[in-house]
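Guided by the hints, dock chain B with the ligands onto chain A, whose structure is given.
Keeping their order, the protein sequence lines are chains A and B. The first sequence: position 369 = 1830 (my numbering), numbered continuously. The second sequence: position 16 = 102 (my numbering), numbered continuously.
Hints were generated in silico from the structure; no laboratory data involved. Even for Gly, the Cβ is constructed at its ideal location relative to N, Cα and C. Be a bit skeptical, because a hint or two may be false.
[Said to hold, decoys possible] In silico lysine to any residue, SDA-like type, Cα no more than 20 Å apart, as pairs: (1) K1908(A) <-> R1920(A); (2) K1487(A) <-> N249(B); (3) K1487(A) <-> G161(B).
[To be verified] Derived DEER-like restraints, expressed as beta-carbon distance ranges: (4) G156(B) <-> D2015(A): 41 to 51 Å; (5) G297(B) <-> W2008(A): 28 to 38 Å; (6) A233(B) <-> D1552(A): 33 to 43 Å; (7) M251(B) <-> S1916(A): 44 to 54 Å; (8) E175(B) <-> Q2089(A): 50 to 60 Å; (9) A233(B) <-> E1729(A): 40 to 50 Å; (10) S153(B) <-> S1861(A): 46 to 56 Å; (11) E1539(A) <-> L318(B): 53 to 63 Å; (12) E175(B) <-> K1721(A): 49 to 59 Å; (13) W2008(A) <-> L246(B): 18 to 28 Å.
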Amino acid sequence: MSAPTFDRITGRSVWPDLEPLLPSVKKPIQYVGGELNSTVKDWDACDVRWALMYPDAYEVGLPNQGVMILYEVLNEREGVLAERTYSVWPDMEAKLREHGVPQFTVDGHRPVGDFDLFGLSFSTELGYTNMLTALDLAGIPLEAADRDMTHPVVIAGGHAAFNPEPIADFIDAAVIGDGEQAVLAITDIVRAWKGEGRPGGRDGLLLRLAATGGVYVPRFYDVEYLADGRIQRVAPNRSGVPWQVAKHTVMDLDEWPYPKKPLVPLAETVHERMSVEIFRGCTRGCRFCQAGMITRPVRERSITGIGDMVKAGLEATGYEEVGLLSLSSADHSEIADLAKGLADRYEGTQTSLSLPSTRVDAFNIDLANELSRNGRRSGLTFAPEGGSERIRKVINKMVSEEDLIRTVTAAYSAGWRQVKLYFMCGLPTETDEDVLQIAEMARNVIKAGREATGSRDIRCTVSIGGFVPKPHTPFQWCGQLGAAETDERLRKLRDVIRADKNYARAIGFRYHDGKPGIVEGLLSRGDRRVGKVIRAVWEDGGRFDGWSEFFSYDRWMAAAERALADEPVDVAWYTTRERDQIETLPWDHLDSGLDRDWLWEDWQDALRETEVDDCRWTPCFDCGVCPQMGTEIQIGPTGRKLLPLSVV
Amino acid sequence: MSPLPAKTPDGPPPPPVVQRVRVCYAKRGRLRFTSHRDIQRAFERALRRAAVPMAYSAGFTPHPKISWAGAAPTGTASEAEYVELGLSERVEPERLRGSLDEALPPDLDILAVDESEGGSLADYLEASVWRIELPEVDPAHARAAAAAFLAAEQVDVQRLTKNGMRTFDARAAVAELVALDDLPSVCAILRVVVRHTTPAVRPDDVLTGLGAVADLVPPVPPRVTRLAQGPLTLLLSADPEVVPTAPERGASPASGPTAVDSGVEVPQPGK
Ligand code: B12
Ligand code: SF4
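This is chain B alone, in the form it adopts within the complex:
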């Protein structure tokens, strides 16, 4: 028997979750070099600065109720990252958006906050649209590489993971891959829709795959941006040159995919 007080925290249990909100945010510019852990910490601090009434877990080291969806890798920008918060008091989503955005560093920008309709965030976010800029790559080369990639049955790539070097197929997860036209010949741009699978296929895996099937090796580091996340059907475009249409931003815009054109300009709800 160990009657140590340390085992049980004193006081009443923490207040329960009364509202769940889905937050869609962007990581832009310099802040694309943040890791997911960096962002988690920045968020937790911003939530405190903005005095958001977070619900906490019970126990001796209470944690705020935050659930994260798969994060864009370090070095990539994103216009569509998601996180869900459990609140101990009801808040007006638009006010929360403003105050949280204010409390976060510039370039971590809150795009939308919506009351969650239940269901898991991870289940909802089936796939991602990525935009990959390849400076100093000839668009014609990129187009040929994309065609070769799509024609292949399987494209094995290797990546160093926490558990050592892993080999996996990068082809199956790619639902769509297009090289955009009408560009100055000094920069190729790819738009790729990738299903969220295990192991996750990341944009750099697709690039590795393009290198494998068609010798596409970017001479300078590519710039990668996640443009949208959501159900696959909403992300696929009939005509790939055309931007996927966003569902009506009615009652719950953030639960639809964030739709962004392939440029850098991004619509920011509420701004």
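Pulled out of the complex, with its shape left as it was, chain A reads as follows:
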């Protein structure tokens, strides 16, 4: 065995090699770094070094809150360094390969392979092929089993990591849940292990991480299958490794006011504004919504904490728009006082506030009016998600058509002209009839708008995509609707909307075809065998699967056919097949806190078209999260108010 080379010169900037490549690639600014509020720390003064990646293009990855938060949390620590890296576009990938330049960080332009830890943030499964590109460009073996002491420990986080099985072969570890405290705990373990002379080598470190119960190390678990392809069981293969890995939950958001100094890029990105997360979690209980299920319980940031973050953030960035983010922002217990308080504070400053993720009720229009008082007034977006009352009961989206009409009437009367409505197609038990009712709903919206304003200059856009069942939700057992059926249903809807000449021009129709949803479904509910498919797609040139100009359904299907040829399973088995209660699901050993029996009951309730209430305002319905995770709901009202900022 050759001696591990701990002390080769690492962390050297590859900028001199990179710079000559920049004039010939698209949007070179994305590779340059130097964003306002970014940090480049002294490599040698730090003993634990993280490379953090959002595995998509810079323009999508830079504004990502999760990465921004972890970057700042880590860099604030003495002796810890974090730098960011994003997926390079294919033109740059070719250049890097041609000139032998490795995957680099945008901060110090250091080779990703030189870091101790390589943390990837997966908001979506469609980033998996991009991870392989980055590993390969970094000179890190694709399979975790082939890595040695010179390679970073590759850790996945973010919502998609709640089922890391499809990428189990490629990652060393996964962390589920909130990352703020988790990355610091991991940092401490790595520091101690390095300080002690790296006892036990790479496995020694991974074992220490796994023993915490909060870091999943796939290689320490064996998966056994039944002859028909279902999983028999998933079991630890060594002692000291827990049967279940728990998610992390930050309980007091006021103690973690990150990002304090949001990154401001020079390049244009998808999110040109500052964001302040006003709470985490959502207990509305929409059954399709993985984000809502896995981030329970609700934890609010206090009104004064939010006020401070908005103030500090605006000063640090110069942004003119602040988004008050969360999964359902209008649900904050003090949202009205917050909206008024902020609008008063920033009166006359051209600062506009926005509330994404708004609910369908008239109260939200008052809020929207309040928030746009100082600035721009864009369109309003609502998400009824289902076209018929019946299907909305199935998905537990408790919105009636009367609510919607009342809300949009208020919006149009208050001067908004454009309303966007989001829907899904392919929900469990759905029929053509459920989807065709969307057309009816859109017509009623336009009618209400015309009546309220006396004008025909009223628009409504219907945006609809295929539903993808996700792990850790009540729909984790359901069969996904096939791509052809989805497309057929969407085509019928389009025809019905277009047919009514009185409304057709006023209704915009945007839809996503069913094919990408099938691939997303394969990756969402896949198990370790799907890893072979991901690798085959990547080897065949698959990149940027979230981008329609790069995504190839045919490539995925062909690769799946090859990679799964010797298995009793195929794409349909993973996607359109309904699972029964006793089947071991690939992610059952990853504990999101949700009680499996409760989820199953909720699935049965869905089939019975029975709704459940929100546990913030009605008694606990025993989803299992709080007792299992030792957490509890953290909501106001605090009764505090935002005071005007003193003029400087």
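Relative to chain A, chain B with the ligands alone:
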């Protein structure tokens, strides 16, 4: 009739412009890879961070009053970019220079701020001086190419524009083109004075032209810097090896061309 409130913003009209200032700035180093749009956004944010009292346009989506002069292309550096700001309160130009420079990222550096004397910025900026470094090109080859280019009546070049491939003459806009002497033989340096015409002739068009007339094809990407902008007469040098002299930086230095020698060192007023 549509009595929609959305049509008319509430409240009083925005305060008028009481002062116009001309800002000269540099884009250097890594930031030469910014596009003009990137710079516009960075500026708008820096103006807010620096709390510059910008005047805003009226209407439902008020915009700060900023007028831009033709920007150096993405990938080229510049020591002489210009922008004019309309302010709603009077400010002391030198203080504005300091605070704005502070608020901009390093390598976007404010060189000078001066009260505008009226007249259009675009009219004033007649031409540019560019410095083109060609690593791994023999200076003798560059000199010969420059001579051939100047001798030609017309040098047609092609460039992919937003409206597709365009062919235009790169020769007429070039008022001066010199290859600098006394250089180590591994790098040629050109100094070229280009009139601002329509379509704009950019330094890469001149290079394409040099390739066409004399096979000058840089083996590695050239490094291009705009050294100065202003009235053509102030930019032309009698002896091209000599730096054009800057007019007295008296009352309004930024309204004169920024004069920079052909090296990288740049005088920064006020620093
Ligand atoms: C809520 C949400 C929104 C909200 C709020 C955004 C926000 N908070 O960032 C709103 C409605 C504003 C929004 C907007 C958009 N969004 Co959005 N959004 C989401 C969603 C559902 C959750 C994001 C979230 O809660 N972030 C909060 C942060 C704090 O959490 P986090 O990122 O998960 O990170 C924490 C942990 O997961 C963990 N962690 C994360 N990474 C790692 C890594 C390691 C190693 C570790 C240890 C831990 C760890 O630590 C972090 C801190 O606790 C995600 C999907 C998802 N499941 O993540 C999509 C998602 C990120 N959005 C997406 C998109 C495309 C958009 C839009 C661009 C849509 C559009 N076309 O307009 C816009 C943005 C711009 C705009 N014009 O407004 C895409 C991104 C696609 C891609 N290619 O990456 C996603 C993935 C949805 C999807 N599947 O399409 N979004
Ligand atoms: S309101 Fe529904 S869709 Fe939205 S986050 Fe909560 S559970 Fe999910």
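We went through each hint and held it up to the structure:
1. K1908(A) <-> R1920(A): holds, 10 Å
2. K1487(A) <-> N249(B): Answer holds: K1487(A) to N249(B) is near 18 Å, not above 20 Å.
3. K1487(A) <-> G161(B): holds, 11 Å
4. G156(B) <-> D2015(A): 41 to 51 Å: Holds, since G156(B) and D2015(A) (Cβ atoms, about 46 Å apart) stay within the stated range.
5. G297(B) <-> W2008(A): 28 to 38 Å: holds, 35 Å
6. A233(B) <-> D1552(A): 33 to 43 Å: Given a distance of about 36 Å, which is inside 33 to 43 Å, the answer is holds.
7. M251(B) <-> S1916(A): 44 to 54 Å: About 45 Å separates the Cβ atoms of M251(B) and S1916(A), which means 44 to 54 Å holds.
8. E175(B) <-> Q2089(A): 50 to 60 Å: holds, 59 Å
9. A233(B) <-> E1729(A): 40 to 50 Å: holds, 42 Å
10. S153(B) <-> S1861(A): 46 to 56 Å: holds, 52 Å
11. E1539(A) <-> L318(B): 53 to 63 Å: holds, 57 Å
12. E175(B) <-> K1721(A): 49 to 59 Å: Taking Cβ atoms as reference, E175(B) and K1721(A) lie about 30 Å apart, which means the hint is violated.
13. W2008(A) <-> L246(B): 18 to 28 Å: holds, 23 Å
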